[in-house]
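K.L.:
Single-letter residue listing:
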Amino acid sequence: MKTMTMAEAIAQFVSNGDTLVIEGFTHLICFAAGHEIIRQGKKHLTVCRLTPDLIYDQMIAAGCVDKLVFSWAGNPGVGPLNALRRAVEQGVPHPLALEEYSHFGMVSRFAAGAAHLPFMPLEDYAGSDLPEVNPQIRTVECPFTGKQLAAVPALNPDVTIIHAQRADKEGNTQVWGLLGVQKEACFAAKKVIVVVEELVDTATIRKDPNRTLIPGMIVDAVVVEPFGAHPSFAQGYYDRDNAFYKDYAEISKDTASMQAYLDEWVYGVPDRATYCQKLGPNLDKLLAKQQLCEAVNYGY
Amino acid sequence: MKTMTMAEAIAQFVSNGDTLVIEGFTHLICFAAGHEIIRQGKKHLTVCRLTPDLIYDQMIAAGCVDKLVFSWAGNPGVGPLNALRRAVEQGVPHPLALEEYSHFGMVSRFAAGAAHLPFMPLEDYAGSDLPEVNPQIRTVECPFTGKQLAAVPALNPDVTIIHAQRADKEGNTQVWGLLGVQKEACFAAKKVIVVVEELVDTATIRKDPNRTLIPGMIVDAVVVEPFGAHPSFAQGYYDRDNAFYKDYAEISKDTASMQAYLDEWVYGVPDRATYCQKLGPNLDKLLAKQQLCEAVNYGY
Amino acid sequence: MVTKTRCTLKELMIASASNELREGEVVFVGIGLPNVACNLAVRTHALNLTMIYESGAVGTRPERLPISIGDPALVTSSLSICSMFDVFNYYLQGGRIDVGFLGGAQVDRYGNINSTVIGDYEHPKVRLPGSGGACEIAVHAKRLMIVTPQSLRAFPEQVDFVTSPGFLQGNHSRQKLGIPGAGPQVVITDKGIYRPCPETQELMLVSIHPGIGLDEVRDTLGWAVRVASDCSVTPEPDEAVLQVLREKLGSF
Amino acid sequence: MVTKTRCTLKELMIASASNELREGEVVFVGIGLPNVACNLAVRTHALNLTMIYESGAVGTRPERLPISIGDPALVTSSLSICSMFDVFNYYLQGGRIDVGFLGGAQVDRYGNINSTVIGDYEHPKVRLPGSGGACEIAVHAKRLMIVTPQSLRAFPEQVDFVTSPGFLQGNHSRQKLGIPGAGPQVVITDKGIYRPCPETQELMLVSIHPGIGLDEVRDTLGWAVRVASDCSVTPEPDEAVLQVLREKLGSF
Chain E
1 MKTMTMAEAI
11 AQFVSNGDTL
21 VIEGFTHLIC
31 FAAGHEIIRQ
41 GKKHLTVCRL
51 TPDLIYDQMI
61 AAGCVDKLVF
71 SWAGNPGVGP
81 LNALRRAVEQ
91 GVPHPLALEE
101 YSHFGMVSRF
111 AAGAAHLPFM
121 PLEDYAGSDL
131 PEVNPQIRTV
141 ECPFTGKQLA
151 AVPALNPDVT
161 IIHAQRADKE
171 GNTQVWGLLG
181 VQKEACFAAK
191 KVIVVVEELV
201 DTATIRKDPN
211 RTLIPGMIVD
221 AVVVEPFGAH
231 PSFAQGYYDR
241 DNAFYKDYAE
251 ISKDTASMQA
261 YLDEWVYGVP
271 DRATYCQKLG
281 PNLDKLLAKQ
291 QLCEAVNYGY
Chain V
1001 MKTMTMAEAI
1011 AQFVSNGDTL
1021 VIEGFTHLIC
1031 FAAGHEIIRQ
1041 GKKHLTVCRL
1051 TPDLIYDQMI
1061 AAGCVDKLVF
1071 SWAGNPGVGP
1081 LNALRRAVEQ
1091 GVPHPLALEE
1101 YSHFGMVSRF
1111 AAGAAHLPFM
1121 PLEDYAGSDL
1131 PEVNPQIRTV
1141 ECPFTGKQLA
1151 AVPALNPDVT
1161 IIHAQRADKE
1171 GNTQVWGLLG
1181 VQKEACFAAK
1191 KVIVVVEELV
1201 DTATIRKDPN
1211 RTLIPGMIVD
1221 AVVVEPFGAH
1231 PSFAQGYYDR
1241 DNAFYKDYAE
1251 ISKDTASMQA
1261 YLDEWVYGVP
1271 DRATYCQKLG
1281 PNLDKLLAKQ
1291 QLCEAVNYGY
Chain D
2001 MVTKTRCTLK
2011 ELMIASASNE
2021 LREGEVVFVG
2031 IGLPNVACNL
2041 AVRTHALNLT
2051 MIYESGAVGT
2061 RPERLPISIG
2071 DPALVTSSLS
2081 ICSMFDVFNY
2091 YLQGGRIDVG
2101 FLGGAQVDRY
2111 GNINSTVIGD
2121 YEHPKVRLPG
2131 SGGACEIAVH
2141 AKRLMIVTPQ
2151 SLRAFPEQVD
2161 FVTSPGFLQG
2171 NHSRQKLGIP
2181 GAGPQVVITD
2191 KGIYRPCPET
2201 QELMLVSIHP
2211 GIGLDEVRDT
2221 LGWAVRVASD
2231 CSVTPEPDEA
2241 VLQVLREKLG
2251 SF
Chain B
3001 MVTKTRCTLK
3011 ELMIASASNE
3021 LREGEVVFVG
3031 IGLPNVACNL
3041 AVRTHALNLT
3051 MIYESGAVGT
3061 RPERLPISIG
3071 DPALVTSSLS
3081 ICSMFDVFNY
3091 YLQGGRIDVG
3101 FLGGAQVDRY
3111 GNINSTVIGD
3121 YEHPKVRLPG
3131 SGGACEIAVH
3141 AKRLMIVTPQ
3151 SLRAFPEQVD
3161 FVTSPGFLQG
3171 NHSRQKLGIP
3181 GAGPQVVITD
3191 KGIYRPCPET
3201 QELMLVSIHP
3211 GIGLDEVRDT
3221 LGWAVRVASD
3231 CSVTPEPDEA
3241 VLQVLREKLG
3251 SF
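Chains as they are written, first to last, in our numbering: chain E, 1 to 300; chain V, 1001 to 1300; chain D, 2001 to 2252; chain B, 3001 to 3252.
Any given hint might turn out to be false.
Within a straight-line C-alpha distance of at most 20 Å, the following computed PhoX-like cross-link-like pairs (lysine-lysine) qualify [what the hints assert, rightly or not]:
#	chain 1	residue 1	chain 2	residue 2
1	V	Lys1147	B	Lys3125
2	V	Lys1147	E	Lys207
3	E	Lys190	B	Lys3142
4	E	Lys285	E	Lys246
Listed next, the stretches of chain E that the computed footprint assigns to chain B, with coverage defined by at least 3 CB atoms under 8 Å from CB atoms of chain B [as the list claims (entries may be wrong)]:
#	segment
5	113 to 124
6	204 to 210
7	216 to 227
Read the hints as simulated data drawn from the structure, not as lab findings. By construction, the Cβ of each residue, glycine as well, lies at the ideal position given by its N, Cα and C atoms.
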């Protein structure tokens, strides 16, 4: 049995100086884990993700992060990540090192890590200046055609945290809707924390094994945390809180407003359940309508 | 609309001399397509597959095949493929060239083909004699660690044929149960034929888009052919005809018995529907029991 | 020269971009105006356009205009949802994308795009979001479309940083590097429409929006632009198209 | 020396193989006797064994003994079904497999396995099925188990073809090549059980089956086998284990 509270999971599996991944491409971003990392005051993290968004921005503002590895850093459709910009442009709260790829490069790094290959070839970056500013983007020659391809190194995080719709107590995790790069990020990691909306019986998992994205055998902790992805969304559970993403431009506009937010919504609450109570009816408005798929027959 | 009969699909998309793949790992092997290829007397094919089994054996016996690219050739749990052995050991009905890998090598070849990469690196073959007898198994040096890895070339078939549970008329294809290497084999191919147990509305596909293994945009023909995988199986539709696999040792034991089988069950029937009528109650015994999964909510 | 137009310049950009999409094509949809243009095309002249979002939604028909590239409305109407590994490996690098659609903070004379930094990389004046999928879309899409508002700052002669390759230094330098896609075939701004010169690949003005003067075009471009001999005025969208845009997709 | 045993030699092989599996391990299950041994282990002492079949069934608990490696009964009781791309890349090469389980037409003095050809490769006496997943299982599984009946033909001093690397020429030659897995840690035949010598990696007899004489062992091996100083008689399975084997999995 791997179930534990978020506080326990972060305390046990995330250490100062770790290379950490909280993956999720728009869908299923685990804000609850990021907030707990801030509360526990983790330091000197190298955080990696295709799309560092609001939660990484908050972790940067809170001083948890020394280095960011990424491919697109912004508040999608709204604007820049202000805390990230303050760190890069002004060294506030302290300087932040950047290592940047494109999405395909990051996906390939996770895939190499998952497959325990030291690198992955890809056809990319020709004509781009990215390899000039990142010496980790190299080339490899095809032993059959002589063609030069780009190559990126494996990324093997110390810890990967993902959010999912459901899992059993051993961490067999089912996801539907957008899948992002979560499978590769988990298989690449030394430790995996899965945070779910719902804990289900193993029998439920076995009834539809094609939905299992992450097998329990690679999972170290299962945290049951309803609404743990808010303001991101969980297909079938709640919609994205688009208003919050817009408001975040104002929330993060300077260090004072950012600190006020952290004080109220992160340091000021002990856990996600309290955060949800505090949100109250705003959360109810996001609840998903029912749109069930059809069952398929697995019999033989 | 891409729906057509098997005879039309094979006539239109499979040419003499083609590199052809009928994939399926135990599950969803399209015997119906192989039989139609035999009936249409296709010649000089290079056939590729991880596990050439009874249907490739019959195609070899019928003289359709010049070369086999594979990783495991046998009748699983029963014994050797007799027509294949006659071709290799005695040149009957004509000599057969072999190019062999391991499963991982074949999977990597399809993945490279699907990703339009000229090769794929893998950690394999160290200490094995396989690279000595197959010059297509080479090495590549990691540009980060200097480590020597194995490399296999992309496999891009002219045609890939797969069997599946269901598709819409544009070829959006859903599969559950064992998935094999079908996705990679389809994306690697220049032309794709999908053979299905059932044609469904596009609305059914859109209700559960995570089940779609093959998007219609890469599919050229959709053939609706119930029981088209027999004696292989289709999860949720019918079980494997294990008795037939056992009987096949006797059926294929010499050229005369093999020819008698082909005469009766391939040349002697115009299509799969007639084959099924001829099987009659033997087919009914294989029908799947109902074991439905639970529906999940896709709402937001 | 001020002409009364029925639509806003943003609407004209969207409609012009939509017009570039052909029925049956496969388009890799970016967020922002490209998203609107694609969703307009499937509701007007390209009913069988296959829209792919980098989040893994393939063949989607969202009932609401997706707010982000990973909106849940993309999922419930998709023909397929696949992992991002599949999107980049099998769809994009696999050569399955006809049209890529990008914006960018800077676009230069040869259609190179910068979405990384303004100024020096190590000490940037402005740190931008970075490539995302843009670099590989620019490399692999069979043809590329760029949609972005025009200003002197946004259209320098040479971008500060090449995030996504256009025609590089022109004169077939892109082709010589063996980059698979054909590069930017059209750039649509709020002033006009540009296409690459077949010989030099320099962007040429081929169409000017109604109400925009040639001086305004020249004052907002970082190089002395060539004007195609058959340069025309951009046609305004049909009333029916405008109606679909406004009623189904919003005000722009 | 003929001893009356309660079980057949095949049953003894199965039970001995099952005994090698430890609770909580992840085992890559091959078809044939390994399949039976794993399905026995999960029904007796290793209830939390994770069985992975190369067909993509992960953590399966089949209600009937799977007849093939891709039996539908594997699916309906799995924790996860994944593609073969994932099986080989993320599970096997990814270093997630504790135990690999192989048979083979030939096994030699250093645990190298041949499942490709008997005789010359170009002009074989017998064409065998080939590697399947065996080569990579032998490379990547943290430890390898080999289960196969013993005969002079099946146990030559040196295999005709190395399909799957054991300890190669011994004396740490496997380790020197940097092969990730530790190689064959046990070979179970119908005569006895062998383990590699820590120094030379030559297979040594560590256990002899009841009713089998040392002459019979020697007459069916292609090399002069070393007998471990503590070589014992293979213990027969408990009555309870035998009962599970016979009632749930069949006659062997």
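K.L.:
A separate judgement is required for each hint: does it hold in the structure or not?
P.N.:
Cross-check of the supplied hints:
1. In summary, the hint linking V/Lys1147 to B/Lys3125 is not supported, as the alpha carbons are separated by about 37 Å, beyond the 20 Å threshold.
2. At roughly 42 Å between alpha-carbon atoms, V/Lys1147 and E/Lys207 are farther apart than 20 Å, so this suggested pair is violated.
3. As the CA atoms of E/Lys190 and B/Lys3142 are separated by approximately 17 Å, the hinted pair is consistent with the 20 Å bound.
4. Taking the CA atoms of E/Lys285 and E/Lys246, the gap is near 17 Å; set against the 20 Å cutoff, the hint holds.
5. With 4 residues having a beta carbon nearer than 8 Å to a beta carbon of chain B, the segment 113 to 124 of chain E meets the requirement of three or more and the stated coverage holds.
6. Counting residues of the segment 204 to 210 of chain E whose C-beta sits closer than 8 Å to any C-beta of chain B gives 4, which meets the bar of three, so the coverage hint holds.
7. Closer than 8 Å: that is the beta-carbon criterion, and the segment 216 to 227 of chain E has 3 residues meeting it against chain B, so the requirement of 3 holds.
In summary, the numbered hints that this structure violates are 1 and 2.
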